[in-house]
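Since chain A is already given, all that's left is putting chains B, C and D on it; use the hints.
Number of protein chains: 4
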Amino acid sequence: MNRKLRMGMVGGGRGAFIGAVHRHAAALDGEIDLVAGAFSSDAERSRQSGRDLFLDTTRVYGSYVEMAQKEAALPRDERIDFVSIVTPNHLHFPIAAEFLKAGFNVVCDKPMTHNLAEARKLRTLVKGSGKVFALTHNYTGYPIVKEARDLVKKGRLGEIRKIVVEYSQDWLSTMLESAGQKQAAWRTDPKQAGLAGCIGDIGSHAENLARYITGLKIDSLCADFTTFVPGRKLEDDGNMLIRYKGGAKGVLIASQISPGEENNLVIRIYGSKAGLEWSQQSPETLIIKYAGDPAKILRRGHGYLGKTATGNTRLPPGHPEGFIEGFANIYREAAKAIREEVSGKKVKVHDYPDVEDGLYGMVFIDTAVKSAASKQKWTKFPKV
Amino acid sequence: MNRKLRMGMVGGGRGAFIGAVHRHAAALDGEIDLVAGAFSSDAERSRQSGRDLFLDTTRVYGSYVEMAQKEAALPRDERIDFVSIVTPNHLHFPIAAEFLKAGFNVVCDKPMTHNLAEARKLRTLVKGSGKVFALTHNYTGYPIVKEARDLVKKGRLGEIRKIVVEYSQDWLSTMLESAGQKQAAWRTDPKQAGLAGCIGDIGSHAENLARYITGLKIDSLCADFTTFVPGRKLEDDGNMLIRYKGGAKGVLIASQISPGEENNLVIRIYGSKAGLEWSQQSPETLIIKYAGDPAKILRRGHGYLGKTATGNTRLPPGHPEGFIEGFANIYREAAKAIREEVSGKKVKVHDYPDVEDGLYGMVFIDTAVKSAASKQKWTKFPKV
Amino acid sequence: MNRKLRMGMVGGGRGAFIGAVHRHAAALDGEIDLVAGAFSSDAERSRQSGRDLFLDTTRVYGSYVEMAQKEAALPRDERIDFVSIVTPNHLHFPIAAEFLKAGFNVVCDKPMTHNLAEARKLRTLVKGSGKVFALTHNYTGYPIVKEARDLVKKGRLGEIRKIVVEYSQDWLSTMLESAGQKQAAWRTDPKQAGLAGCIGDIGSHAENLARYITGLKIDSLCADFTTFVPGRKLEDDGNMLIRYKGGAKGVLIASQISPGEENNLVIRIYGSKAGLEWSQQSPETLIIKYAGDPAKILRRGHGYLGKTATGNTRLPPGHPEGFIEGFANIYREAAKAIREEVSGKKVKVHDYPDVEDGLYGMVFIDTAVKSAASKQKWTKFPKV
Amino acid sequence: MNRKLRMGMVGGGRGAFIGAVHRHAAALDGEIDLVAGAFSSDAERSRQSGRDLFLDTTRVYGSYVEMAQKEAALPRDERIDFVSIVTPNHLHFPIAAEFLKAGFNVVCDKPMTHNLAEARKLRTLVKGSGKVFALTHNYTGYPIVKEARDLVKKGRLGEIRKIVVEYSQDWLSTMLESAGQKQAAWRTDPKQAGLAGCIGDIGSHAENLARYITGLKIDSLCADFTTFVPGRKLEDDGNMLIRYKGGAKGVLIASQISPGEENNLVIRIYGSKAGLEWSQQSPETLIIKYAGDPAKILRRGHGYLGKTATGNTRLPPGHPEGFIEGFANIYREAAKAIREEVSGKKVKVHDYPDVEDGLYGMVFIDTAVKSAASKQKWTKFPKV
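First to last, the protein sequences are chains A, B, C and D. 1 is the number of the first residue of the first sequence in the numbering used here; add one for each residue after it. 1001 is the number of the first residue of the second sequence in the numbering used here; add one for each residue after it. 2001 is the number of the first residue of the third sequence in the numbering used here; add one for each residue after it. 3001 is the number of the first residue of the fourth sequence in the numbering used here; add one for each residue after it.
Take these hints with a grain of salt, some might be off.
Claimed, not checked - Think about it this way: if two alpha-carbon atoms lie no more than 20 Å apart in a straight line, the pair counts; the simulated SDA-like pairs of lysine to any residue are:
hint, chain 1, residue 1, chain 2, residue 2
1, D, Lys-3182, B, Gly-1303
2, B, Lys-1004, B, Arg-1076
3, C, Lys-2296, B, Ile-1297
4, D, Lys-3307, D, Gly-3292
5, B, Lys-1375, A, Thr-367
6, D, Lys-3153, D, Gly-3303
7, A, Lys-4, C, Asp-2033
Quick caveat, the hints were computed from the structure, so don't treat them as lab data.
Extracted from the complex, chain A is given alone in its bound form (with noise of 0.2 Å):
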């Protein structure tokens, strides 16, 4: 299948901020082409944003049902691969399950959807369709987040004893919402964002992250939700401590009000004989950590790195690679399973997050959420 995969995209329309993002790291390699968008509820919104994007304004649709009916409608070789759901939560499930019954395969951008009924549902949905589920947990993209988990797979850390993972930012410490600032007015809405603010948005990122380095299911869990700015509806910070199947202990910080903090995202973990340090504002260094050894400093690029990360680079060391490569490394890898689908090939194992940790990410929050009303200190993590 020589040619480029066609993209098309629901959401992502002028001012929103992850929809361009998508764009670039699909851009990014050459192989995927946007050829078709409902880029707003607001259809003359949506034919602008196709205009920006040089698309053909017959591929620019007013809606997102508009759109999977009609690009399922054309013929073969000039219909969309796939789809790309880059809305506010709560529109991912009905737009996913649209698409899905058209025969499209989906990107679609995190938490998988607006409630745990609905991930469930998504899981009938997908499994049985045959198509290509993909979430941009895009944190686990990166090519030195992929060599930590080949280091802790191969048994470099030890047992694993304790994970310390931190998610903070600063972008909600005023009431921002009331701004008329349209990120901050969805993701503080529980209609659009959910039953969690601050552990659904990026909370989620924290404890997916966690559990691609080092595999490890969560036994159960303490949470205490704060808001901190007066009038807000969701939580903007949450704090919890994690036990994990197999003995290992947590701790995950989140938090929306940290001044200074940006996009804090921080691992540390811990085994029985090195530890790791990986901070995503500074993403092509992993620090290897000995108890009476020096510390050792990995960076991307370099030939003793394995497989994975190797894979998973553009550049030579030095040569900064960020977000946007480490999204698109989400999306060369869905690309391969979207190929083989749309090829009429058996869809292998490829390197990005489906529908199951997208699941897995709905109980998280779900979990939290109920630990964090509970009197009772350890709430149990249900069955996946």
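Chains B, C and D only, in chain A's frame:
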């Protein structure tokens, strides 16, 4: 009183760690002379240590009881002005009591006592004695920590919302106490260390640091303790969620099994206006962070710092001061009070941790231990 | 002109490094389509590369001459709008000349030409052609570098006194060119690289960066070149003292034999009021330093940055942008000019390095080589 | 000889900077007592300083000549064992000469003398006296610097190719000497400071550090000096290219007008096998860098460091040691020699800078001054 103060020491013989630190700290400013000691419960070992330290052999004692009695019997212009207690925890109380009763001022290592009951008794004793009692929670001696406290007091952070404090080490990653390491042996032995291991030894420093900077008292806490190294008698890792009086939230992380962490005490405090970050391993730097404005790097020694930080500084910026200098600041402040007491003047308030701080710390340890054993989420912090 | 620009590429076939970077950079914003190429002087290799890139086989050429002629013969609404030249240095001139003469705009990798004579000729050619010529001194594409330039222009540093700029790498620490490494082979071969090795390849970036930020021109310089690896034909380490016009002083350090330095381009500029520091390996941060006031950490993406930095930003703070994004900024600025040219509009001044910058860089290399061979301390920088 | 050493001090009265540092350094280990001093050329000021320091008033002198004579006249078991000279540079020689002639060992601040002629005379005097002469090039006292030297000696870097050493400060960014600042006044006055300003004061430390670690001697150098602040009498910025004997190349950067640089002494050394980096402002860390292998972070206090670093360490890792501790290491090494001398034993080689180092440093300053005035590129380093 134009002379050096005369110090005696109990503990700190050959092979000990913290005794030497106390001696360096006391010596640094040329205001205190070590003149007497009971350096070991082994009289011969005590004598050897006295010789190492160029002491007059008649002032080197075989036991602390002998020392208290004989020093008290010396003429006023010869005998020690205060004693430094640098033994394992379980001996702090009896020694302090002995010297207070014999009429001496006391500097004592932390945690203050072996258990909470002793701590309450010691408070009564100190109050009744009119003597100076200083506890070496040395991390509050760093000039930059004092600046942090000043900035919080001046309202530069706004209302405090969140405190993340961590103290991680790696030295107990393995069963060091079985390997004949003296430090490890007593610090992991409940008979010498007390009810808690990691939380007593270093978690208490973390709590003290947070309280010193913010003045916040704990309302309730929720702790999870783990003993990772098989066979160990006390927890070697402890984490907790904290609710402060007034609404701030806290996360306290302590560990002695985190490979590669040497003595990693880090505190971050976030308020409604700004955040701050300080790391003990880079103690000269205080980062003040803002939502939407450039962070500022404050450095020890500059004219822009407050009076307290400046008064605790010995060198110009860029000439690193460290652990001993911070420790010496505790000694220097205590020495001011001791000079007043010895001169028969009213003892004013100086900037060192006192018996109240010590008692608060013991209540903290006790409450954390209770919480760790509880199925209830929040354990109330009792009245101190 | 509501369509994507059409790009052709010369060089950059399988196994090349910089060609892929140019493609990523051009693709990132979805405004440029790669539609044609002569990727290798080996026609079969060129064809393979074309297939890898999903190109129409009729637009993949066996030589750049063929490409220039055939593209020029295509209808206006099909042919390329510009060519990207990503070959070894010695081919830049003939290729650029060919495409300029055929009526195409040109984007060219640096250094601009193989020698100074060619550079002067190329300037004449470009001036006469009315076409756009952009040189990818990509490090000036970083938003934070642009902020640095703005701050200097606004006088925030006061009068510039001192510039310390360094570009160190380690990849030529050994005789890599004998090991069949293609990059090493041509970059150390005077016939392909030019008169200088290390100074031509990376020293020229350092000079360009300093000039971009400060606007300062060189009065005279004093260089010391060394070839540390036996058998190598060009210098692999070069350092120089610089006297700028107007009185500022400079130190320029370049090396390709410094173990552990990946791509360590760092610049510090000190003025009468303030200093600044930027490091390419942490490209999101600009530190502004004051004598006696706290340093400030400026970070990409914030509202407090100037218009230029903001206009070259794609992501919010804390979502790392890197090398490709900076490179893409050069492309995006050049694309503005190319759109104007293609639309028959007057080409305005945009923010990309042009033929004058390229010529200045060639004079710099030439002067450094002369100085390195001279016994005289200061070698005058000639009129450009 | 089981007693503390008795130290006298010349200079270092109220308001001085370096005198207090020497006192802290000497006091730290409890092995040296300050017992006498001529702290100021103003006798009343000297007396006041003596009182501040709790000295016996009969041992506080109005001049160094009086001090040398009266101390020499005291009984052997009372008089000082050595003198510390902490005056401005121009007095080092006469004072050192006086005390050497009176039979005392000498510790002297750097640079050793006011000019090269004095330095040569002092060497002769010291050699003839049989006394200990130690120069406080304190930066070589840091344990991690000693580790660096050991690693170079063991060949871990391979053959040394390049040294980049920098010492930058900002405190002379303005005409501080006109503002009544005592330190600035004498350090910028050729009558007190010597032929060079910045290079004499701090450039000499940089040279000494490079030589201490690598053992390399200078073959020739090429210096550029600038006086940026109008009206200043000596250079406040000096940079040079260096050719070491044996083929290594160097760049030495020194500045006292670089805003935001506190005391930024940084050295990087690159060999054929590895590189190393050390920064005085983070003195506990040594980074060892490799081409193609992960860098290692070596930290003070660990068991993996060599004997010399370990022997100069007082605290466990993560308990920061700083400037005073490094300074104290020079004192401790000199004290070993002084104890031998005082006890009438053969004085062995210990690890402190001696009169040869001091003379080398004076030749360095002299040669740099000559080069700065020369039109010739390379100025030969003369025989020391």
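Results for each hint:
Of the pairs offered as hints, the one joining Lys-3182 of chain D and Gly-1303 of chain B holds, with about 17 Å between alpha carbons and a cut-off of 20 Å not exceeded. Proximity of Lys-1004 of chain B to Arg-1076 of chain B is assessed by CA-CA distance (about 14 Å); at most 20 Å being required, the pair is judged to hold. The hinted pair formed by Lys-2296 of chain C and Ile-1297 of chain B meets the criterion: a straight-line CA distance of about 6 Å does not exceed 20 Å. Proposed proximity of Lys-3307 of chain D and Gly-3292 of chain D is contradicted: the alpha carbons are some 29 Å apart, above 20 Å.
With a C-alpha separation of about 18 Å, the suggested pair Lys-1375 of chain B and Thr-367 of chain A falls inside the 20 Å cut-off, and the hint holds. For the suggested pair Lys-3153 of chain D and Gly-3303 of chain D, the alpha carbons sit about 19 Å apart, so the restraint of at most 20 Å is met. Taking the CA atoms of Lys-4 of chain A and Asp-2033 of chain C, the gap is near 12 Å; set against the 20 Å cutoff, the hint holds.
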